[in-house]
Every structure is written in structure tokens, then in C-alpha cells.
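Model the placement of chain Z on the given structure of chain Y, informed by the hints.
There are 2 protein chains.
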Amino acid sequence: MQNKQVLINSLPEGKLEESNYKLVESDMPQVKTDEVLVKTLSFAITAGTRAGLQGSASYAGAPKTGIVMNCTGIGEIIESNDSNFPVGRNVLTQTGWQEYSIQKPESLTLLREAIDPSLYLGPLGINGLTAYFGLLDVGQPQPGETVMISAAAGSVGHMVGQIAKIQGCNVVGVCGSDEKCKRLIEDLGFDAAVNYKDANFRQNLKEATPKGVDVYFDNTGGMILGSALFRLNSGGRIACCGVVSQYDTSTPEPGPKGIPGLLVNKSIRMQGFLVFDYAERYEEATDNLIGWIESGKLKVLTDELDGLDQAPQGFVDLLAGGNIGTRIVNIK
Amino acid sequence: MQNKQVLINSLPEGKLEESNYKLVESDMPQVKTDEVLVKTLSFAITAGTRAGLQGSASYAGAPKTGIVMNCTGIGEIIESNDSNFPVGRNVLTQTGWQEYSIQKPESLTLLREAIDPSLYLGPLGINGLTAYFGLLDVGQPQPGETVMISAAAGSVGHMVGQIAKIQGCNVVGVCGSDEKCKRLIEDLGFDAAVNYKDANFRQNLKEATPKGVDVYFDNTGGMILGSALFRLNSGGRIACCGVVSQYDTSTPEPGPKGIPGLLVNKSIRMQGFLVFDYAERYEEATDNLIGWIESGKLKVLTDELDGLDQAPQGFVDLLAGGNIGTRIVNIK
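These protein sequence lines are chains Y and Z, in that order.
Just so we're aligned: the first sequence equals residues 6 to 337 in this note's numbering.
Just so we're aligned: the second sequence equals residues 6 to 337 in this note's numbering.
No lab work stands behind these hints: they were computed from the structure.
Just so you know, same-sequence chains aren't split out, so a pair can sit in one copy or run between any two.
Here are the simulated lysine-lysine pairs, BS3-like style, with alpha carbons at most 30 Å apart:
no.	residue 1	residue 2
1	Lys262	Lys211
2	Lys262	Lys20
3	Lys271	Lys170
4	Lys69	Lys271
5	Lys109	Lys271
6	Lys109	Lys337
7	Lys216	Lys302
8	Lys69	Lys262
9	Lys262	Lys202
10	Lys69	Lys216
11	Lys211	Lys304
12	Lys69	Lys211
13	Lys20	Lys271
14	Lys304	Lys187
15	Lys69	Lys109
16	Lys170	Lys304
17	Lys337	Lys304
18	Lys69	Lys9
On a predicted model such as this, the values are computed, not experimentally measured, just so you know.
Bound-form chain Y, shown alone:
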């Protein structure tokens, strides 16, 4: 038996390309004392992992080649030396882009058995928890306030908007196509959506936010952040979740002109966060998210690909804005 893996073959110069990855077959890993062997069922492709391939080190550490591409996935335990993680149970873990992985117990989260496992790659996984804590704890939206979200059709953004609606907010999404705008409004109940690729983006954003913006959930940085700064009201809050506009390049842009001047003039709070900061409260969030899904208030958008070999092109396409919702790769 062999283990199929996708390795980082080279670090991207400029935009990521499929050729930055390499599909290999290697020997099956051997399980040691206290370790667990996990067979990957599915994994999520998320924009944030692109930052780990940039020249400067991110929170994930300095980029390396020759290693398996990292990602969050779900898998089945097929061999175990830890009685808390029995064979047959499904887990959420950093599977990487590969069929089999060796895991330490502390890196595994057992999936609740009554719940569709695929939800753990979307609303109950890193993406959903990021949306939950970033909006509610960092953004602190109040009923009636206007919440603006960039990459609003993405894996995090589409959930942020719905959670903001549940809080009684007016919700405006920014995304990269008219088709995505339509789905945000018609399928997910956003109040408005604006295509940032439109030549009249700034004017359209202004019209979509007649009362200004109270909370801006920023997945992109760059030009959209710059535009949001001008729409933010005094006392506004920016939850800095990601910088997708600056990931797929070797030469990130400078920050927007209004930093820090507009922050001062409008008493704006801009706060970066990592979902891991909230690890102690994952259970609370998961309970709320399950409740919202079961009551139909939170709809889950996924976008599925089949086969490990689809991952590299699926990631290139995602960085170009080709997906709606959470992009998931299923492995047979």
C-alpha cells in the first residue's frame, strides 16, 4: 500500500501555478506509540494557506518545499494507539493534501457522530469558527448596524453575512462577480452586494451603504479595505481576518492611505485575530452554529472537487475568485 501525497514542489514567484505542486506516491507511514493513522476523507482549500507560501514567514512559519501541502481535513481513524480515538471514528485535523497521515492525539478533534461530517470543513470547522468569533467578538455588531464583508462569497464571508443577519444587522457583501452578488442576495439573504471589479465600485458601495458602515469584516486588505475606511462611521470596527488580495503575489502592496489617519479621525478600531485565539470557546460556537443550521438560519455553500489531483488547480482557481462558499476536495 502506498500513500498518495501532493508536495510543495517550488515556492510561487508571482501568482501560484499548478506546477508549484507535485503528486507523489510514498511508503505508508508507520504508527508509533500514542499515534493515530487517519485516512483522509475530504479537505478544505482556503485562501489563508497561500500566505504560508510567501517569502516572509506567517504565523504558520517560514515556507518550505518538499513537504506535504497543509490544510484542514476530515478523516477516519484506521489504526490507533490511543483509546480516546478509536478506529472507525471520524476526526477533524490537519490532514494535509494526502491520503493518509499520522497524527498525535492532541491535534485531533472527534466529530460529533450525529452531525454530517462535511459540516466540519465549513460552518463547524475553522471557517465557521473564524466567521463566528471574528464577527461577534471582534466586530461586535449591534442590531440595526450595517456590516460590510469582503470576499463575501468565500468560505468565511458567506457565513459572516448570515450570522450578521441573525444579529439583526443590515448586511452588504463585496465579491468579484455579478453572479456571486446575485447568490448572496437571493440564496443567503444579504441586503446588498457589490462587485469590486465593476468600474463604479466605490460609487456602488456608497449607494449600498447609505448609513455608512459600522462593522467591516475584512478578508482581503488592499483596495477594498481602503474603500471601506471611507465608508466607516465614527466608532466603527474592522475585524481583520485575512489579506487575500495580497496572498497571490510576491510583492504585497503598501497599506491603504487612510492608515492611520482615518482611524484617528473616526475613532476606528481595527483588530487582527486568529481563530486559535478563541480555542477555549469552540464548543460554545459549535453549539450555536449547529442550532442555526438546524433551524435553517445558516445556509452552507460548498463547492466540491473529486480527487487529490484536483487540489492544485482548485487552489489556483480559488485564488482567482473561482469558487463560491467552501471549496472541498473529496478523496475516494
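Just chain Z, lined up with the frame of chain Y:
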């Protein structure tokens, strides 16, 4: 009797020049019902008012010419139609650069009679209150943490550093000359000070902050903010107080490269504020500041000029970094 005034003669293109102002004599203003006539004793020149002369509107509104230059000052009531503000009492108000001004009662703060009035232009005025709330409420320093301050020898900065020392912090100032660095350490008890004009600034800052930076009190924006972002620890806070590096120009720079990427990776909170946000708590702050001054823990640095006609050149020089502490103009 005539009123001497300094008017904004033209808006600066590029750096501010003395010729952007004009000294005029005008008729004495007439006091109407409910108004008060104030004779200016002294006023403070502060970098923030430069923002009001820039092309885009600041919190102070769009820039205009032909009006008296704005500033905070202290004065004596010499005619009054409001019994709460009797003739002979001293007040803090927006005197402007002029000898006499008409004021509405709601814009006046009576000075406590036992206190040296000049303290109201420094520690007990806008500068001191800004230092107090910006550091304690926005920055939230904890004992043992490292606090970094830009424009550390300025009217706000030199008080921030001393208040941080009172909180038990390690305090590192950034300023524009070796002479200022020396005074911050020797006269005010800063733990370290770094000259940003030194070619080795980034390396010197690194050596002055061996445990990183927990709170950065930003008076400058620009390159120093960019350098601070790299020294900030996870969970760090930036109190955005002013943008002095970008005031004296018609073409403000873009924001630092690490915005918002480094905010995300290090869960940094960056918060703009205006002292007016804390108006309800001025009494509390004033009590604490007086206590620290009386006990010798808070030293006041002022830098005095004599005569209204000194104000324009005094402001040009201040923007070039020529002052230490609060620059005050006394009027005979």
C-alpha cells in the same frame, strides 16, 4: 481698542510656511446675550492642528482661509453675560491665535483656582488628557509590559512615557534627535530612547525592545508605525493618536506594508481615538494627573515663546521637530 489676530492667509502646498499666516488688527468683538469675552493669556501649538490645513477634511472640518488659526488656550474672562463665568476667572477654551475671543459658555472650562493655569495647556489640557486616555484606555498597558511611543518628546508623548512608567512598564521613546533621547532618559526616566533619523534606526529599535513591544502609542504613522508593527508582540495594541509624519505635506504616504497582514498574524488591535470620546471622564483624569504632578511622578516639559507674532514660525519649527514638550505662546 483693537484685536490682534493671526489669520490663515493661504493653505500650504507642501510644507507649512510662515507666509501661510497673516497678522491683522481688527475691531474688538462685541459680546451678545449669553456670551463671554475672553482675553487670551497663552495658547498651545500642537501638531494635530496641521491636519486641519490639509486638502481633505479632518474631524475639524474642511480647511478654510481668512479665519483665525485654531488652538486651545487659556484666558481671563473680561466681560460676561453668564453668571457661571464671572469676570476675573480663568478658562480653558478654543481661543484661537488672537488676543480676544467671544465664547459661548458651553465651550468654556473653568480652571481650578489653586492650580497653575499654564498646566492646563500641558498635562491638564488636551495633551495630558490625550496621553491619559490613549495610553490607559486604548493601550491598556500591564505592569512589566513594554510601551513604545513615537514623537516621544512631544507634548503628548513625553507624558505618555511618564504615565507608562507610573504603570510599571518598560518605556521606549522614539524621537528625532540625540539631544531629545538624552532628555527622555535623564530627565523623564524613560528606559530607552531611539533617534528615528539615525541610519541604524530599525536595528537600534530592535536592541531597545529585546522583549518586543506590547503597546505602541503612535503619534506619527508612516515609517515609525511600520517599524513598530515588526516589533509588536502577539496580542499587541496600537493607540493611534496622531499622524504627525503625514501632516506637513500635500501628498500623504500610503499606509505601512504590514497593514493588515501583520495585524492578522499577530492578533494586533489598532485603535484610533479622539480625546473628546472621553469627555465624560475628564474630571477623573484631571484628579489623577494633578496627583502625579504634585507627587513629582509626572514632570512637565514646556517650551515657551512670547508674543502672538511668534506663533507662525513657532508652528513651522514644531512640525520640523524643533520643540521639546508642549510649545506654548504667551501673550502679554
